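Undergrad: Sequence:
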Amino acid sequence: MALFGKKAPAPVTFPATLVSPATGEYVPMAELKDAAFASGKLGVCCGIIPSDGNIYAPADGVVSEVTDTSHALVITAGGMDILIHAGIHTVNMQGEGFKTAVKLDHAVKKGDLILQMDLWKVRNSGYDSTVIVAVSNSDDFAGVEAVAKAGKITTGDAILKVSK
3 MALFGKKAPA PVTFPATLVS PATGEYVPMA ELKDAAFASG KLGVCCGIIP
53 SDGNIYAPAD GVVSEVTDTS HALVITAGGM DILIHAGIHT VNMQGEGFKT
103 AVKLDHAVKK GDLILQMDLW KVRNSGYDST VIVAVSNSDD FAGVEAVAKA
153 GKITTGDAIL KVSK
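Its first residue numbered 3, the sequence shown is counted upward by one per residue in the numbering used here.
Keep in mind that the hints were calculated from the coordinates and are not lab data.
Some hints could be false.
Derived DSSO-like pairs: lysine-lysine, alpha-carbon spacing no greater than 27 Å straight-line [to be verified]: (1) K123 x K35; (2) K112 x K151; (3) K43 x K112; (4) K151 x K43; (5) K151 x K166.
Derived Cβ-Cβ restraints for the label pairs, each shown as a range [as the list claims (entries may be wrong)]: (6) P17 x W122: 22 to 28 Å; (7) F16 x Q96: 36 to 42 Å; (8) K123 x G81: 33 to 39 Å; (9) E27 x L106: 29 to 35 Å; (10) N56 x S127: 15 to 21 Å; (11) D107 x N139: 16 to 22 Å; (12) K111 x S41: 29 to 35 Å; (13) F16 x S53: 27 to 33 Å; (14) R125 x K154: 16 to 22 Å; (15) K154 x D107: 20 to 26 Å; (16) K43 x W122: 28 to 34 Å; (17) A160 x E98: 19 to 25 Å.
On a predicted model such as this, the values are computed, not experimentally measured, just so you know.
We put the CB at the ideal spot given by N, CA and C, even for glycine.
Let's have the full structure, built from the sequences with the hints guiding it.
TA: Structure (structure tokens):
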């Protein structure tokens, strides 16, 4: 089935590996500066303090949600709901500094550009620019675990492993 001229992604093989959507500095879940994410309330997650504003798909899937403010979206893949959230509390910017590169129901491949964030605008508006990747329905899986280590990370490096 084609969506917007692209083929639908291949089925997900488990355990599945999600990759970093940005290049920068890896942040473990417990160290995120947002209590809802750090506690795991929104699913097992991790963050990347980006060195540039380009954010890429962490897995093959279909865009199932896009916020009106363009600061967050969800990619559904193999039953996983993968939330990509650009910045902390950036919803308050009401879309200023954010631009999505995909639309609802758009099929994406791991590494496709999905959104852009103006880091200068975000940081100068007083917000944290950390990009968070969460499996928001983590409880539906046997395990979701971080596989990255603190320090520098590059787009495409493994960050989370999901087991059925």
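Undergrad: Do F16 and Q96 keep their Cβ atoms within the hinted range of 36 to 42 Å?
TA: Distance hint for F16, Q96 holds at roughly 38 Å.
Undergrad: For K112 and K151, compute the direct alpha-carbon distance and say whether it is at most 27 Å.
TA: holds, 21 Å
Undergrad: With 16 to 22 Å as the target window, see if D107 and N139 comply at their CB atoms.
TA: Holds: the Cβ-Cβ distance is about 19 Å, inside 16 to 22 Å.
Undergrad: Check the following: the C-beta atoms of K154 and D107 are separated by a distance inside 20 to 26 Å.
TA: Taking Cβ atoms as reference, K154 and D107 lie about 35 Å apart, which means the hint is violated.
Undergrad: Could you tell me whether the CB distance from E27 to L106 stays inside 29 to 35 Å?
TA: holds, 31 Å
Undergrad: Would you say the C-beta atoms of K43 and W122 sit inside 28 to 34 Å of each other?
TA: With Cβ atoms ~30 Å apart, the hint holds.
Undergrad: Does 33 to 39 Å hold as the CB distance between K123 and G81, or does it fail?
TA: holds, 35 Å
Undergrad: Could you say whether the range 19 to 25 Å given as a hint is met by the Cβ separation of A160 and E98?
TA: Since A160 and E98 have Cβ atoms about 33 Å apart, the given range 19 to 25 Å is violated.
Undergrad: Given the hint of 16 to 22 Å, is the C-beta distance from R125 to K154 inside that range or not?
TA: holds, 19 Å
Undergrad: Quick one, are K151 and K43 close enough, alpha carbons at most 27 Å?
TA: Holds, at about 22 Å.
Undergrad: So does N56 sit 15 to 21 Å from S127, Cβ to Cβ?
TA: Holds - the Cβ-Cβ distance for N56 and S127, about 19 Å, lies within 15 to 21 Å.
Undergrad: A range of 27 to 33 Å was offered for this pair. Does it hold for the Cβ distance of F16 and S53?
TA: holds, 31 Å
The structure fails hints 6, 15, 17 (numbered hints given earlier, in ascending order).
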